[in-house]
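Enquirer: Letter by letter, the chains look like this.
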Amino acid sequence: MQRLLAPGLALLFFVVLASGFLVIIGQPPVATMLDLAVYAFGDAYSISESLVKATPILFCALAVILPARLGLISVGADGQLYLGALVGTGVVLAMPGAPILVLLPAMLVGGAIGGAGLALVAGGLRARFGVNETITTLLLNYVAVLLVNFVVYGPWKDPANLGWPATIPFPDGATVPGLFGTRAHAGLILAVLIAVVLHIVFARGRVGLRLRVLRDNERVGRMAGLSFAHMVLLTMGIGGAIAGIAGIIETSAIQGRLQPGISLGYGLTGFLVAWLSGHSFLRAIPLAILIGGLIAAGDTLQLFAKVPASSVTVLLGLLFASMLAAAGIARKRAGAG
Amino acid sequence: MEGAEFAGAWIAASLRATTPLLFALLGETLVQRTAVINLGVEGQMLVGACAGFAAASAFGDPWLALLVGGMTGLALSLVHAGLCLGAGANQIGSGIAVWMLGLGLTSFFGRAYVGAKIEGFGPLVRDADTGVPLLDQILSQLTVTTLIAVALVPIIGLWLFRSRTGLRWRAVGESFETARALGLKPWLVQVQAIMVGGFLAGVGGAVLSVDYTETWAQDMTKGAGLVAVALVIAARWNPFLALPVALLFGGSEAAVLRLQAQGIDVSSYLLATTPYLICILVVWISYVRIRGSGGMPAELSRIFG
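Protein chains in written order, with our numbering: chain A, 1 to 337; chain B, 1 to 305.
Calculated directly from the structure, the hints in this document are not laboratory data.
Where hints are given, some of them may not hold.
As the list claims (entries may be wrong) - Calculated pairs, DSS-like style, for lysine-lysine (alpha carbon to alpha carbon, straight line, at most 27 Å):
{"hint": "1", "chain 1": "A", "residue 1": "LYS157", "chain 2": "B", "residue 2": "LYS222"}
{"hint": "2", "chain 1": "A", "residue 1": "LYS332", "chain 2": "B", "residue 2": "LYS185"}
{"hint": "3", "chain 1": "A", "residue 1": "LYS306", "chain 2": "B", "residue 2": "LYS117"}
Turn these sequences into a full structure, and let the hints steer you where they fit.
Expert: Okay, structure coming up:
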């Protein structure tokens with residue numbers, strides 16, 4: 001019973017708040033929520049579109065969960081995604097004619113390096129100087145978006161685009177393969193694979209324990225020969241690499257070229273999924289698909305019911321608030337009981 | 001352009017760019033003084049900017065717009081108060097939830113106002129002619145909101161450090177136990193601080209849309225609220241230091257705009273990263289200088305290392 005209290009309460013709060021919002025904007029709450037469910041998972045096409053949205057969200061959630069296991073709160077997945085897209089695109093532009101077996105892995109490594117590089121700015125400042133990582137990751141997001149704008153409006157702009165800010169289309173050798181002829185792509189498989197590997201590493205290996213010791217008591221960890229600073233760099237770096245891969249995959253598989261606006265708030269949505277999952281790598285998978293479905297459904301809702309897709313951002317905010325309230329209340333009760 | 005005129009124009013532009021941030025920064029300073037951190041400032045500024053712009057567009061009164069913006073920011077800040085103090089939720093998570101709500105609500109309800117035109121405050125003195133070119137530039141570019149923001153610095157500073165209530169707020173931030181021994185309810189003081197912070201963030205947002213840009217655009221704060229949270233650290237939780245620290249950010253923003261207008265040969269996107277990088281730099285420097293938790297309210301350092 002106790003274990004179900006928090007999720008149950010969260011669902012209750014969310015349904016009440018979401019209904020309230022839908023009523024305010026003049027939509028029938030029950031019918032709209034059913035519509036959203038159908039638009040998200042009602043047929044094969046909807047499901048594939050939901051998986052398209054779920055992919056970067058899952059990557060970004062993993063990028064938040066990993067440092068969180070050490071007690072770090074990184075909100076920088078969006079920026080890491082952008083810088084991954086930038087560096088990965090740089091690799092593609094450097095050798096557009098390379099065969100796919102060379103180019104695709106090189107591109108992904110480029111993405112990982114870009115994301116890790118940005119994350120390590122925040123990680124390094126935390127490890128070396130104790131600068132709070134939440135603040136630096138948040139600010140670096142804006143820097144990364146501007147850097148992508150710089151290259152696509154400037155040196156990397158394809159003149160054939162007639163002023164449209166974008167690079168040349170990615171060659172076939174740099175295109176992440178699709179799945180079953182839909183827009184869903186192999187990126188999803190990679191994201192799930194990374195989640196499972198991280199889960200196994202943390203469940204079986206000593207890494208999880210080490211991080212927990214350091215998180216709970218740095219001094220005890222130091223006496224056991226563990227270095228907080230090293231672990232900050234490790235978790236931030238790998239997390240950033242994962243978000244960076246999300247960026248280059250999104251660019252390659254969905255956009256087909258680097259252009260502004262790669263991410264539709266995937267970083268922040270990934271942050272939400274990470275917290276909803278209780279920072280569990282495995283639980284993040286279904287939750288990312290669920291939230292991806294909600295976002296995809298929002299697009300369809302805009303098309304059919306003329307309700308702006310930004311209504312889904314409000315719903316996500318309400319969901320986050322509901323979950324935080326429920327978790328807090330459940331913790332209080334557990335503490336009192 | 002003559003030297004004095006140029007300097008005057010740049011000082012005025014810096015002050016104008018700083019004004020919205022200064023409101024939010026002063027508010028968040030008070031919030032953090034009571035050991036609450038609120039990343040929702042970003043969302044509160046957004047709702048303030050959106051609602052303030054809507055009010056200016058409906059009633060044509062910029063003063064009313066600031067009030068509406070402030071009250072909307074205050075209303076959203078109550079979500080943070082409810083989540084952190086009511087439900088005992090994680091403060092960073094709660095702040096981000098508030099940010100998401102503000103972003104979603106303003107994207108949704110703000111659509112109607114994209115591209116709309118409004119009447120702002122107008123300059124302090126039209127066609128100023130004091131015979132001092134530097135002063136003329138400043139007077140003819142500044143608006144009343146900058147004066148209010150700058151006046152708030154000593155008012156809030158003196159209130160925090162010299163008044164009895166200010167002492168109580170600081171006591172809460174330093175030690176809940178001591179505060180309770182003084183007969184205070186820490187949560188009650190924290191709610192008040194969050195509300196004041198929400199109001200000031202909302203006013204800052206309204207100043208941005210109604211006075212500074214005179215337009216509404218989706219996500220127009222572009223991280224100003226997050227910058228405010230960061231700069232509180234650089235200002236060492238001291239309202240008096242809020243002005244110079246905010247000027248670093250606003251001044252670099254104004255410099256970037258000025259350089260672009262001069263047509264220098266660097267991408268405007270690259271230049272636009274400068275204010276964020278400067279913000280990270282000053283936060284970094286202040287961490288190096290205060291090593292440990294120097295200056296940070298003790299109760300705050302428990303939740304925000």
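Enquirer: For every hint, state whether the structure bears it out.
Expert: Checked hints:
Pair hint LYS157(A) plus LYS222(B) holds up; C-alpha atoms about 24 Å apart against a cutoff of 27 Å. Taken as a hint, the LYS332(A) and LYS185(B) pair is honoured in the structure, with Cα atoms around 19 Å apart against an allowance of 27 Å. Between LYS306(A) and LYS117(B) the alpha-carbon distance is near 25 Å, which keeps this suggested pair within the 27 Å criterion.
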